[in-house]
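Asker: Just so you know, the protein sequences line up as chains G and R, in that order. For the first sequence, my numbering begins at 132 and goes up steadily by one. For the second sequence, my numbering begins at 763 and goes up steadily by one.
Hints listed in this document are in silico derivations from the structure and should not be mistaken for laboratory results. Quick reminder that beta carbons are idealized off the backbone N, C-alpha and C, glycines included. Please note: incorrect hints may appear among the correct ones.
[Claimed, not checked] Over the 10 Å line for every Cβ pair with chain G, so calculated as not near, a few chain R residues: (1) A785; (2) D798; (3) D813; (4) Q818; (5) A830; (6) W837; (7) N839; (8) P840; (9) L844; (10) L865; (11) K878.
[Unchecked claim] Short derived list, chain G residues pointing at chain R, Cβ under 8 Å: (12) F210; (13) A256; (14) A303; (15) V356; (16) L357; (17) P427.
So the chains spell out like this:
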Amino acid sequence: MSNIDLLGRRKFIAGLGIAAGAAMVAPAMAVSEKADGVKWDKEVEIVIIGSGFAGLAAAIEATKHGAKDVHIFEKMSYFGGNSAINGGLFAAPGTPMQKKEGVEDSVDRMVNDQLLSGRGIADEALLRHVASHAVEALQMTLDAGAEYHPYLQQLGGHSVARTYQTSVSCGAGITQPLYKECKRIGVNTHNRSKFEGFLVGNKGEVVGVKMRQNYHFGEEQPGKVLNIRAKLGVIMATGGFAQNVNLRMAQDPTLTAEVGCTNAPGATGEGMFEMFRLGAIPVHLAHIQSGPWASPDEGGFGYVSNYSIFNFPHSVAINRLTGKRFMNEIADRKIRADAELACRDEQGNPLPPILITSFKDSKAHPNTEKVIKYNVGWKFDTVEALAEHFNVPLKALKAQIAEYNGYVNSGVDKQFGKDMTLAKNKIIEAPFTVVRLWPKVHYCQGGVKVNTKAEVTDSLTDKSIPGLYAAGEVCGGIHGVSRLGSCSIPECMVMGMTAARSIMKV
Amino acid sequence: MKNFNIILGLVLLGLTSLSVQSAEIRDYHKEVIGKDCKACHDNGIKQFPSDQSCLQCHDVDELAKKTARSEEDKWQNPHNNLHYGKDVPCQECHSEHKTKEPLCSNCHTFKFDKHKG
Numbered sequence: 132m133s134n135i136d137l138l139g140r141r142k143f144i145a146g147l148g149i150a151a152g153a154a155m156v157a158p159a160m161a162v163s164e165k166a167d168g169v170k171w172d173k174e175v176e177i178v179i180i181g182s183g184f185a186g187l188a189a190a191i192e193a194t195k196h197g198a199k200d201v202h203i204f205e206k207m208s209y210f211g212g213n214s215a216i217n218g219g220l221f222a223a224p225g226t227p228m229q230k231k232e233g234v235e236d237s238v239d240r241m242v243n244d245q246l247l248s249g250r251g252i253a254d255e256a257l258l259r260h261v262a263s264h265a266v267e268a269l270q271m272t273l274d275a276g277a278e279y280h281p282y283l284q285q286l287g288g289h290s291v292a293r294t295y296q297t298s299v300s301c302g303a304g305i306t307q308p309l310y311k312e313c314k315r316i317g318v319n320t321h322n323r324s325k326f327e328g329f330l331v332g333n334k335g336e337v338v339g340v341k342m343r344q345n346y347h348f349g350e351e352q353p354g355k356v357l358n359i360r361a362k363l364g365v366i367m368a369t370g371g372f373a374q375n376v377n378l379r380m381a382q383d384p385t386l387t388a389e390v391g392c393t394n395a396p397g398a399t400g401e402g403m404f405e406m407f408r409l410g411a412i413p414v415h416l417a418h419i420q421s422g423p424w425a426s427p428d429e430g431g432f433g434y435v436s437n438y439s440i441f442n443f444p445h446s447v448a449i450n451r452l453t454g455k456r457f458m459n460e461i462a463d464r465k466i467r468a469d470a471e472l473a474c475r476d477e478q479g480n481p482l483p484p485i486l487i488t489s490f491k492d493s494k495a496h497p498n499t500e501k502v503i504k505y506n507v508g509w510k511f512d513t514v515e516a517l518a519e520h521f522n523v524p525l526k527a528l529k530a531q532i533a534e535y536n537g538y539v540n541s542g543v544d545k546q547f548g549k550d551m552t553l554a555k556n557k558i559i560e561a562p563f564t565v566v567r568l569w570p571k572v573h574y575c576q577g578g579v580k581v582n583t584k585a586e587v588t589d590s591l592t593d594k595s596i597p598g599l600y601a602a603g604e605v606c607g608g609i610h611g612v613s614r615l616g617s618c619s620i621p622e623c624m625v626m627g628m629t630a631a632r633s634i635m636k637v
Numbered sequence: 763m764k765n766f767n768i769i770l771g772l773v774l775l776g777l778t779s780l781s782v783q784s785a786e787i788r789d790y791h792k793e794v795i796g797k798d799c800k801a802c803h804d805n806g807i808k809q810f811p812s813d814q815s816c817l818q819c820h821d822v823d824e825l826a827k828k829t830a831r832s833e834e835d836k837w838q839n840p841h842n843n844l845h846y847g848k849d850v851p852c853q854e855c856h857s858e859h860k861t862k863e864p865l866c867s868n869c870h871t872f873k874f875d876k877h878k879g
């Protein structure tokens, strides 16, 4: 137990906070308080802040282990956070589909892929913990009624196919079943409830939260603030801060408001800030990831993102100025995002590259029809028509496609070292489907430091802050420099389940 | 005194105009509700209404049927959509005293021709 006066260090933490979010304005930042003499408006067992994968999984797991009074609070009017709008891609080693398809995989192999992408600074203990329990989390989704495409995908940076995708190609294919399961088992859900701070006991333990009622995101209005006691614990599952332009620019000045973002509007980081006030350790805040599969032709995550993720293994990405490839299409996200951003015209202005796929292969994914219908993707019967439409040098493009098809046949990419396993027998030929690529801010690797029990570490004592747990994207350090695609859902769910197990002492 | 009364009258008229403008109401609601602010404002006039307020008169299941789309696009139904089902509160896309864009427009280019923001 820490006897340090956590709130007495406000000036120290505030200095850090001001530096991190110097231009932050309304709404005012939350403020935690001592719980002495507080009149409780409500007393519950477990408070969960946030309704994405982590929060929903925590609620189900806690109830399964005997919690009688679990409450999820969501500041937006609708539930699901970024989880409800993401690609629904779930990586796990040793799954039923891998066994069926004869794919050799293991916790070690998945962790090694992630450590490589993390460029030496990922948290191996946490990665191993998540990979070891990922199948349990997948099973929770199946038990709740989630459905998946009948094939595995191999996303960038993964050495083997290990990724499930929901049959609706969206995280809602998981959040909706989990949300309905929460309702079914009696979890209490509250929308328009904004977290306004922690209530801290005499020993520095978290004993409750302040929640503002009738909150309307982006509006100023005087909803009442309730003091809610959490008898067993508080789980922070508030997600990342990709939508907080000031904070992301403080870490990386190039991430201006003009840079597109895939996130839901509420991903602004207040929950994380409040944990910093309490003494949580900030980890890797500057490692902010952009999605290399995003399109400049539609907002947010849209349809192209999932289309590209599915097709990268058997497609070529082409620089429109040169007509040549410029990257391994299934390298990790940072390699690809940086390579895409380097695609410029003669004046140095952005020239979004194109992803070319054979229609015979792209048509296997439901988003292909949608990208064409909504004019964020195109179909061409000849390479000549394609080259003319995007102003790509025809001769160079033809030569590149012929060269790449040689790699498809030989199984070895001598240009960029792409793993050609999933490209086998899938040569690039007409008719083609094509999308434009341009990275968007997608995921914050940074957040608060946690251990493998989802406990939040105090910066002064290096011990856990009692009563406080965190799970999902609000946590930092797990993925290091670059998160691999489809590794967020297992992390969110496993750590949500872990927080619940820690509270219920399973 | 006569001039003072004229000025006072003009000021009051101006205030009345401002007052009316600051609480502009949709024609279709004016016809049914008139000037009864409390018909919607169940949290008091200074706060947004609760999400249940609209449901006193509107039924989400009925609305979902009215705005249903073809099988191919069925999840683009604004009242029963892929991400949130039927759970998005009315106020997220419809505002009485201002205008709002559909929530879907943050990421998608769907057409909602009948949307009354």
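Asker: Each hint: holds or not?
Answerer: Each hint, compared with the structure:
| no. | hint | result |
| --- | --- | --- |
| 1 | A785 | holds (15 Å) |
| 2 | D798 | holds (21 Å) |
| 3 | D813 | violated (7 Å) |
| 4 | Q818 | holds (17 Å) |
| 5 | A830 | holds (17 Å) |
| 6 | W837 | violated (7 Å) |
| 7 | N839 | holds (13 Å) |
| 8 | P840 | holds (12 Å) |
| 9 | L844 | violated (5 Å) |
| 10 | L865 | violated (8 Å) |
| 11 | K878 | holds (18 Å) |
| 12 | F210 | holds (7 Å) |
| 13 | A256 | violated (34 Å) |
| 14 | A303 | holds (5 Å) |
| 15 | V356 | violated (13 Å) |
| 16 | L357 | violated (15 Å) |
| 17 | P427 | violated (13 Å) |
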